[in-house]
Amino acid sequence: MMMVASLFLGCQKDFPVDEDGLLITFRRECFVSNFELLGNDFVSVRNGVPIIDTVAQTINVTVNFGTDLKNLYPQFTLATDCKLDPKITGKVDFSDLANPKTWTVVSGDRQVRKAYKVFVKVQ
Amino acid sequence: MIMRKHIFKTLIVAGLWAVTLTSCEKDEYKVPDPVSALTNDAIKRTLGPNIASLPIEFVYAMAIPKSKGKLAFAEVTASIPGAAGTFLEHRSFYTNSSGVDVPVTVGTPSVTNGATTKMNFTVDTSAASLRYYYIVPNEARGQKVKFTFSVTASDGTTAYYEMGPYDVSKMEIKRNIAVSNNNMAFLSIADMTSYNAASAASNAAKIDLVYLYRTTPTTFTHGLVAPGADAALYLPGVTLPSGVNNATKVIKVFSLQDRNLAQMQFGIYVDDIDMQKVDFNNAPLHAVGLRAENGVWVETADKKYRAYVFINSVNANGSAVVSMLRYDMTAK
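Protein chains in written order, with the numbering used here: chain A, 1396 to 1518; chain B, 13 to 344.
The shape of chain A in the complex, shown without the other chains:
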């Protein structure tokens, strides 16, 4: 009996995971709920709250005067089970203000992808 049971258990299908080993869920929500920019000293350089437009898929953030735009750490807060593409692995150079950086939010079921542009403005 035990052997038969273990055979059945052994054949049970694992939960699906994506290429990053993250669980693929049924959630289709796909948006950025908060955004933060940290300086080289890991202190926020934002001047005021970021304006996140989930329809236009834009993030507008004003940073303090004198911010070192070449060495910033962006932090995204996403809807449940979402992930970001490309991943943020370190400092990001935001100094080219005319060409905003783009990150794509991928939903929990990995079917919905929304590209967000981050517009940085210096105080």
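Hints in this document: simulated from the structure, not taken from any laboratory.
Note that CB positions come from ideal geometry on N, CA and C, so glycine has one too.
Just so you know, nobody snuck in bad clues.
Here are the computed lysine-lysine pairs in the BS3-like style, where the Cα-Cα straight-line distance is at most 27 Å: (1) B/K56 - B/K158; (2) B/K42 - B/K78; (3) A/K1486 - A/K1465; (4) B/K315 - A/K1465; (5) A/K1465 - B/K289; (6) B/K289 - A/K1482; (7) A/K1465 - B/K316; (8) A/K1486 - B/K315; (9) A/K1509 - A/K1486; (10) B/K289 - A/K1486.
To give an idea of the chain A side of the interface with chain B (calculated C-beta under 10 Å), a few residues: (11) G1461; (12) K1486; (13) D1488; (14) S1490.
Dock chain B against chain A, hints included.
Quick look at chain B alone, frame taken from chain A:
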């Protein structure tokens, strides 16, 4: 086959039994040998890097059985003679019930002769705990230093205790440099001091940073800006003396209150390796919005020096006090 199985089982049981017996064996407490001769011990109290001009503090403890005699004199010999101010306490300390270290004079003030510091006991004592302050000399930078503590008793016996070798940092330190807006505004890493405009003009090549205070924009406040930075943006209203144009790289740091610079309770130390590993690629030429206890990593335009400049205090009238650790990248 059954017989072999039986033997195997028996062996396993016997083995387990042996392990159990061994692990249960009780170590008998042994009374330590009473101190029968002159003995000594030492600890190093100073933490962090050993920096020229700063002390390394030790505590040297010594004792002899009363029946053998009393302490006569204590000596410390450093492998590199200490700088002025090196001394061996002539007071023995004990900690009272309130946790306060209380001194008791046990000898005459120490005399340093070359690398050796000696203190003669003047009281009839068989035990003492003396502090030794070794002021790291500038010539020890980048080298190793070790110490031989010794005590001689009235019966002629001597005990020795070796400490070290300890690495001496290549860094140099300068504390409490006053900078002020439009006056002592020019900071030199090479000279580890601040200059006014007139003096800066005659030391133009050595001026690495300009201190300035601005209320607009509101986030500007206190700034350390390279003379070579965008003047319109980061040096508003500053007239740079002729020849002052170094493009010094500056990285703003938060929460790095080096204990030697801050002279506060923090147990953080900047060491040689930190200076070596700071990545100045893409570093800006300015740091603004500085507050007390902030700091900046600095690399001079000629890449000869790296420094950590700590903001000890700021004043809204447009002045600040800074301290710096400097590392010569060209020194061997």
